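**Q** Could you put the whole structure together from the sequences, leaning on the hints where they help?
Counting along the sequence shown from 1, when you hit position 171 you're at 167 in this note's numbering, and nothing is skipped either side.
It should be emphasised that the hints constitute simulated quantities derived from the structure, not laboratory data. Small disclaimer: the values here were computed from a predicted structure and weren't measured. We treat Cβ as the ideally placed atom computed from N, Cα and C, and that holds for glycine. Warning: the hint list may mix true and false statements.
Here are the in silico distance ranges between beta carbons for each label pair [unchecked claim]:
| # | residue 1 | residue 2 | range |
| --- | --- | --- | --- |
| 1 | Lys91 | Gly115 | 39 to 47 Å |
| 2 | Ser51 | Ala93 | 13 to 21 Å |
| 3 | Asn172 | Arg112 | 23 to 31 Å |
| 4 | Ala93 | Asp63 | 39 to 47 Å |
| 5 | Ala197 | Arg126 | 52 to 60 Å |
Computed list of lysine-lysine pairs in DSS-like fashion (alpha-carbon distance at most 30 Å, straight line) [claimed, not checked]:
| # | residue 1 | residue 2 |
| --- | --- | --- |
| 6 | Lys102 | Lys146 |
| 7 | Lys145 | Lys130 |
| 8 | Lys145 | Lys118 |
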Amino acid sequence: QRQQTTRTADSSNSSHDASNDRSTEISPVCLVQTSRDTQSTMAVSLKLQKRLAASVLKCGKRKIWLDPNEINEITLANSRRNIHKLHRDGLIIKKPAVVHSRARVKARNEAKRKGRHTGIGKRMGTANARLPFKVLWMRRIRVLRRLLKKMRDAKKIDKHIYHNLYVLSKGNQFKNKRVLLEAIHELKAVNLKEKALAEQADARKGRAKSRLERKAAREAKKAADAAAADQATN
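**A** As C-alpha cells, then:
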C-alpha cells in the first residue's frame, strides 16, 4: 500500500511539473507574431519626416535627430505643422554643430608671428614667390609718395622740390622714409643757403650801384663847377 501511495504522489508531481512547463513555454504562433511586429516597426521609413524637419529647422538631414522611442508618433507627422509640434515637444531635435577647434592653429600662428616655425626647412617656394619684389616696391614707393604729397600740401616744400624728389624716388634713390626726410632737409638747407647768398649778392650789387651813382654825381658836379669857372674867367 505504501509503494502504491508513493507511485501516485510521484505521478501527480510529474504531471504538475509538466503543466508548469507548458504554461511557461511560448507558443510558436506568438513568436512568429512578435517577429512580424518587430519587422514592421523596423521597416518604417522616416525619410519624409527627416526631409520636412530639415526644411523646417533650416539644416541638413544629417543634423536631424528623431526620438527612437517615439517612432509611431513621428510616423504620423506628415506636414510641417506637425513637425513643428514634434520639435517643440522634443521628439525632433536639431543636432548641435560639430566644433572644429581653431585653438591649435591660433597658437601656431602666434608662434609664427614671433618667428618660430619659419626656418629654411619650412619654406616652400622662392623668396619672390613668398613675397614678390613688386609688392615690396609698391609698398615702399607709396609710402614715399604719400610723404611727399603730405609735405607739399602742408607748404613745407615747394613744387620744384616735390618734383625733383618725386623723380628721384621713382629712380630708387631712397630706400625708406628716413632717407627721404634727410634729403628733404638737405635740399631745404641748400635752398636757404642759396637764397641767403643771392640776397647778399643783391645787397652788394645795390651798394656798389649806389656808390657808383654817388661817384658819378660827384664827377658830374665837378665837371659842372669846372665849366662854370671857365665861363666866369672868360
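**Q** Where does the structure disagree with the numbered hints, that is, which hint numbers, in rising order?
**A** 4, 6, 8
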